[in-house]
Amino acid sequence: MRPARRRPGGGSCVDQKPSYSAALSGNPQSATGAAYPNGNPDLLYNRPGARNTDSAVPLRRDRPPVVHNYSCDGPAPGNLAFRWTYGSNVAARNRDPRVQVVQYNEDSFVMRQNVCVHWEAPFTYLLFGNAGALLIDSGATDNAQHYPLRETVDAIITRWGQARGRKNIPLTVALTSGEDIAQNQGLVQFVGRPDTAIVPKPLEVMKRFYGLGSSWPSGTGKIDLGDRVIEVIPTPGTHKDGVSFYDPYCDFLFTGDLLFPGRINIGNDRDFVTSLERLKAFAASRPVKWILGGHVDMMFVPGQYYPRFRNYKPFERVLEMTPDLIDEAITSAKAVQGKEMMLIRPDFVLFNGVSPDQRTREWPAGVPKIDTPRPF
Amino acid sequence: MTKSASIDRRSFLAYNAAAAAIPLTGASIAGLTSAASALVRPAPIDFGSNLPAAGTFPAKWICGSSSCMDNTDPPVHVHWYNPHTAILRQNKAYSYEAPFAPLYFGNDRVLLLDEGFVQLRNDWDLRGVVDQCIDEWCRRNGRDPASLELLVAFSHLHADHYAATNQFADRPNTRYMGLTHEEMLGFWGMTNFPEERVALDLGGREILIWGSPGHVVSEFAYYDSYTQILYTGDMFYRGRCYISFWEPWFDSMKRLIDFVDTHPVAHVMGCHVEMSRGGEDYPYGITYQPDEAPVHMTVQQLRDTFEFAKTITKPGIYFTGTVFLCNQTRGTTTIDKNPYKYD
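Chains as they are written, first to last, in my numbering: chain A, 1 to 376; chain B, 377 to 719.
The set of hints was computed from the structure by calculation and includes no laboratory data. Do not take every clue at face value.
Taking lysine-lysine pairs in the PhoX-like style, the calculated list, with each CA pair at most 20 Å apart, reads [to be verified]:
hint	chain 1	residue 1	chain 2	residue 2
1	B	Lys717	A	Lys201
2	A	Lys369	A	Lys313
3	A	Lys334	A	Lys280
4	B	Lys717	A	Lys240
5	A	Lys240	A	Lys201
6	B	Lys630	B	Lys690
7	A	Lys339	B	Lys713
8	A	Lys222	A	Lys201
9	A	Lys334	B	Lys717
10	A	Lys240	A	Lys280
11	A	Lys240	A	Lys334
12	A	Lys222	A	Lys280
13	A	Lys240	B	Lys713
14	B	Lys717	A	Lys339
15	B	Lys686	B	Lys630
I would like the entire structure built from these sequences, with the hints used as guidance.
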């Protein structure tokens with residue numbers, strides 16, 4: 001008898017033991033792509049993560065601000081349940097939201113810039129703690145009419161504050177790279193915003209802001225959001241001022257341009273390898289659920305990717321990467337180190353010292369080559 | 377219509393404009409709903425004197441926008457080079473290839489060269505735009521649009537030049553080029569590609585057509601005797617001339633030079649623009665070219681490029697001052713560099 005594990009229906013579970021088959025048990029088009037789209041009956045009903053999700057319950061009105069419990073066993077529950085907007089064949093006629101907002105969980109939001117506003121379609125992350133919020137990256141477009149990031153962030157913060165009974169929520173805006181114009185353009189929208197700290201762009205000033213003045217690139221910095229301390233890991237390689245962020249609540253690594261499912265343009269191959277190794281050591285000492293980069297260029301078939309400037313990417317790979325991909329990235333980075341070449345891998349492509357539009361006829365051994373349909 | 381369907385393509389090409397005008401006024405009148413417009417059909421337009429016919433290019437073509445979904449330009453930029461010649465350009469927010477497409481009007485026929493890079497009418501209504509141009513020209517010149525035959529052809533066999541062809545499938549009095557090398561040659565009645573130069577008579581306005589392989593095998597050069605514009609497709613344009621086959625391309629260049637040696641040419645015009653006025657490369661696929669170079673080039677620029685090409689012995693990317701010659705590099709490398717490279 002296992003009293004904590006109740007099976008609906010009870011009775012003779014021996015012949016009912018679910019052996020998972022998407023065709024029999026679930027919807028193969030399930031939006032989440034979860035292995036158990038109808039739930040896994042072998043798991044507990046009352047799991048410990050539930051206590052991290054009760055801070056927005058509507059019973060809390062007229063009380064002091066909610067203090068959320070950010071310490072949890074394993075990653076905080078959350079789900080990237082929706083498909084990203086992927087542009088349209090005729091970009092001028094696209095009517096998708098300019099900023100797509102997906103709530104990962106109550107305290108973590110992912111925003112994507114519309115592919116038809118800017119082809120880089122960067123991802124921007126908004127994380128909340130008990131003492132403030134952090135915006136990681138700022139998108140590729142400064143014009144707030146075209147890309148209303150500030151307006152969207154303000155609205156999310158307002159709603160979040162109302163749910164938590166908070167009025168003043170200080171915001172920090174940090175970039176995975178200050179020089180990357182695919183991620184720093186939206187910054188101007190936050191200039192002059194009250195109660196907002198913008199991490200300065202110049203490398204030396206940025207290092208001092210994170211307390212890395214003397215320990216760059218081996219040390220780590222911190223951004224304390226209040227019981228949710230985001231760690232800052234120097235990861236130059238694609239950009240000389242590249243940093244990655246670690247969120248101990250969701251167990252995410254935000255790697256920006258350093259490691260993402262797409263065309264990774266290496267700025268300096270020595271730094272790139274070192275940073276990936278530093279990232280690996282870091283990930284070994286902390287739980288990491290997913291790596292979330294700044295873009296998606298890969299398609300959902302291995303090794304195929306969208307070229308630059310595409311406004312229509314209907315076959316995109318998912319955003320999230322598992323931490324074991326760091327090992328593959330290190331192996332691949334070492335393979336291109338010191339050589340001017342590009343290297344196709346199933347989940348990313350490395351460009352070292354070559355044009356960002358470089359092409360190759362070398363296809364990785366053992367990877368199936370699957371042609372994807374053209375727009376017409 | 378019955379008359380033109382009964383002649384084969386070769387005799388149709390050689391057909392004298394004056395002869396073509398007779399059956400049209402004779403046989404087609406019965407089919408016209410508006411007898412009045414047919415009865416007052418004006419005298420044919422003279423496309424043969426005071427050549428080259430004057431015309432102008434716009435100071436600036438539509439060239440995309442920083443945010444594609446906020447682009448407010450028309451889907452097709454229609455520019456009337458002169459009253460009998462329109463040049464169309466696809467909006468970059470509808471397709472990054474944004475090809476240019478001349479529309480030549482004659483007394484009997486209209487020739488459309490190139491059909492853009494979007495297939496469906498609900499996405500990009502090229503057919504509607506061309507119909508509008510034809511209506512406008514007919515209104516100005518007192519013609520009935522139904523009396524004009526439309527020829528839908530393209531410079532070469534690449535999808536960014538024929539994608540919208542099928543939008544014309546249900547258009548009356550229209551013929552369009554097939555999507556194979558054989559059908560393309562057959563459309564112009566060629567039997568000796570690429571050397572053979574055929575003359576298409578639009579009704580007093582003669583278009584000379586010959587083979588121009590090199591970028592692809594199946595490509596033509598088109599010369600309009602009225603405006604004296606030499607349309608060189610994708611084998612020579614203000615951008616990256618992707619040369620797939622060097623020898624045929626070089627021979628095609630030689631053929632163009634021989635042509636400009638013996639014929640007056642006002643402008644040389646390609647299908648795309650992919651560089652700025654200052655000679656800076658706009659990388660492949662970009663959708664905003666704020667300072668783009670003009671589409672038209674001079675004969676001297678063509679000659680200079682040929683002189684430059686004589687010095688090229690190896691595959692690679694060469695900037696001639698006018699164009700980029702990408703000799704057999706398309707599948708491997710490009711011009712752009714990673715701006716974030718550091719030591």
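Here's how the hints hold up against the structure:
no.: 1; hint: B:Lys717 - A:Lys201; verdict: holds (18 Å)
no.: 2; hint: A:Lys369 - A:Lys313; verdict: holds (18 Å)
no.: 3; hint: A:Lys334 - A:Lys280; verdict: holds (14 Å)
no.: 4; hint: B:Lys717 - A:Lys240; verdict: holds (8 Å)
no.: 5; hint: A:Lys240 - A:Lys201; verdict: holds (12 Å)
no.: 6; hint: B:Lys630 - B:Lys690; verdict: holds (18 Å)
no.: 7; hint: A:Lys339 - B:Lys713; verdict: holds (15 Å)
no.: 8; hint: A:Lys222 - A:Lys201; verdict: holds (17 Å)
no.: 9; hint: A:Lys334 - B:Lys717; verdict: holds (17 Å)
no.: 10; hint: A:Lys240 - A:Lys280; verdict: holds (19 Å)
no.: 11; hint: A:Lys240 - A:Lys334; verdict: holds (18 Å)
no.: 12; hint: A:Lys222 - A:Lys280; verdict: holds (18 Å)
no.: 13; hint: A:Lys240 - B:Lys713; verdict: holds (16 Å)
no.: 14; hint: B:Lys717 - A:Lys339; verdict: holds (14 Å)
no.: 15; hint: B:Lys686 - B:Lys630; verdict: holds (10 Å)
Checked against the numbered hints given earlier, this structure breaks none of them.
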